[in-house]
Amino acid sequence: MIEKHPRLIRWTHWLNFALLAIMVWSGVLIYWANDVYRPFFPLWFYNFFRINHRLAEGMAIHFTFMWPTAVNGTVYFVYLLISGQSREIFPHPRSWLRLGRDAFRVALYDLGLAKELPRQDGIYNAAQKIAYSGILLMGMGSIASGLAIYKPIQAYWLTSLLGGYDFARLIHFVLAMGYVLFLIIHVIQVLRAGWRNLRSMIAGFDLPGEIK
Amino acid sequence: MKDPIAREVHKRTRRSILAGLAGAVIGISGWKWLFSQERDEGLPWPLRRVLGLNETLASACYSNSRLTPQPPAPAPGSPIRINGPLGLESPVDFTQWSLRIAGPFEGEYEKEFSLDEIRKMPRTETTTELKCIEGWTERFSYSGVKFSDFLVQLGRPDRPAYVGFETPDGEYYVSLDMDSMLHPQTLLAYEMNGKPLLIAHGAPLRLLVPVKYGIKSLKRVGTITFSDERLPDYWAERGYDWYAGL
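First to last, the sequence lines map onto chains R and B. Residue numbering for the first sequence is 1 to 212, as defined by the working numbering. Residue numbering for the second sequence is 213 to 458, as defined by the working numbering.
Looking at chain B on its own, in the form it has when it is part of the complex (with noise of 0.2 Å):
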């Protein structure tokens, strides 16, 4: 009855649209199966597994002579946004506290140091704009002792590839990768625009990380752990990227 043409349009049609519907149904589908899957550390492991792939390429293209951007440093003393209360909320009494080393050859390792001599240490001055993983940014000046530094005075000749922050209470902890840890502007810092910590931005001493989200710029260092393994780390525990590099 009909013409071959439209017998033509009617098929190809008839195919194509099946064929849609079945690209449709497996997309779907696919979607469906992604957030079944069993979690890793709050995400399904696919999506972690690719954040890994994703870490695995961008530390392949780090490099520590890339700076942050350094806009001049604010008047001394001007007020920095403060945000995040996490792991400062237990007391502390600040004329005892130590900074504490950990690990991997616990005892060999383990030593105390006192704010005292951290701040004998070689001083560093640096400006950046550290960026929080939610979206904003804040701009401030810094003063303490470049990781690299402390590295030399702790008189470690080995590069465990992970470094672990905890605060004094244990309630914040942070690891990091060992590249980021010796870049220029990472600072055991105690003072901000000049000044010394206040309590909220993490006294008395505490983590700078700039090429890090700011979640991994740990406030009130309590303990610092070295080792080859990947250590604990909060908000990698809560569905975030554990490498969260800038």
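Chain R with its partners taken away, still in its complex shape (with noise of 0.2 Å):
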């Protein structure tokens, strides 16, 4: 057997799970109070979740869950680090124009548009790199945008940093929509990659053989 993720790793995955989940959900009861994105979430969306009318309740918990949240996405990303995980996700500074070539590669394989994958070193292929690379940048930017948005005048160079109170809000909204789109590829994968995979991230171990 071959020890895969580490138990913190493992729980604070599938923690991170939930409270982004508890995060998106009350941050659509904020974002209803004032849609300006439109017409990005139909009417019907509103009614079939019961969005309408919540922005109190939906301020209260954003503002609740937002510490758990940032605290297991700082444990996830400090413990990365110590255990040299982070090595398997962190593209190598010299290596980036492979890692797009080899992630495009991957992604014509995924499509059914490519016979072969890309030669890989380590247990991730240079898309996943990138994704998982992707999603702990986009975890520091909703804190800072978030925070941009929540403190505009005691945080106001945050905020002027981040293209200013609209703009900061727009970002905190993309990053948030970035979540569910990146949770809807994340499941397409690891349902394709089988049931061994998905044990590593419950159970932490893999097999030696066939390292997917």
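Keep in mind that the hints were calculated from the coordinates and are not lab data. Glycine included, every Cβ here is placed at the ideal spot set by N, Cα and C. Don't take each hint at face value.
DEER-style ranges, computed between Cβ atoms [unchecked claim]:
#1 B:Glu350 x R:Leu183: 33 to 41 Å
#2 R:Leu207 x B:Ala234: 21 to 29 Å
#3 B:Lys244 x R:Ile188: 25 to 33 Å
#4 B:Thr225 x R:Tyr124: 20 to 28 Å
Under 10 Å between C-beta atoms, here's a sample of chain B residues computed to sit facing chain R [stated by the list, open to error]:
#5 Leu255
#6 Leu263
#7 Cys344
#8 Glu346
One side only, chain B facing chain R, incomplete, derived with CB under 10 Å [stated by the list, open to error]:
#9 Glu220
#10 Ala270
#11 Ile345
#12 Asp453
Put the two chains together into one complex; each comes in its own frame, and the hints tell you how they fit.
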């Protein structure tokens, strides 16, 4: 048996899924009150998920669960660094060109447009490295843009750094929708990769042989 | 029958799935517990408690030296978005209007000011972006007396922790922390975009506190109350954060 995902990474990974779901949902409760990026959510969406007239509740939930979400994400990130797991995820600065090319070839393969996967070193392929590093950057972006629109006067330097209140709000919104998009692709890829891969994020181990 | 590795795989998988399910059950029970708690002003008390902690942190970091963005003043008379008729629906006789000051040492500090008296106080003009709690922003200029100047005029050497505002009909009321009231852009305003206040904007005198969401900028001020205790607040009673600071 090969140890693939440490216990702390697995717990924070699954906890992050629940917390992000709460943050995105309560965020939509807030967004409803001034839905400027129309027609992003159609009316039936608001009705179906009972989003209407829940601004106060949405804000209270959002500004409560922002704490465990940020703490959980930080624990995950710090542990990734100190455990050395980050070496599997972060692309090497000198291989960015190759990384982009390989990720493109992985995407072609996944879409059935290429026969072979590019050679990969380590447990993640180039597309996974981009996706998993990207989601970490997105998390940092959500914290920064969130603070920028939560305290735009006290944290004015951050708000102006992010292009002002309205633009910071747009960043925060796009990142939130990015998590939903990430989730959809992630789930499809996990289903395709099969039980052994999913089990490694549940029980932590993989078996020698075909490592995927 | 099975080889030891297969047994170990089976054992660890089962153990992890059970631990995960236990975690999920604890999480879902915690969520249900949270929303079945007694309500404190429209929110389950644990949420209200966290908003209070956020407020403690925010007021510890608060500084009056940070001003709101100051866009160029719009042309005089430019229209300004009208939002919320709360407290403006009762008829009011503007010739009889006066600003009343109450508490906490009632009687001793009970005072009244006419609009003319307020207009004679030191005048401040500023421009800001006022943010609505719904998410939109409105830019305008406004003039009036800075609340810190008003306190000097009032002759109050003390600084009670809380200030309450109420419309003459008592239908709308807010309360604020003294720190935010002393912000240099916190005004008792009688003009917006260079023109006397419209009735819909809170004539004859309104509060403008751009370091708070617009819900705190009460229109048509009737009574101001000072207190060492937190005073009632219309939106906080309806599930919103009392502090509402930006």
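- Failing hints, ascending? none
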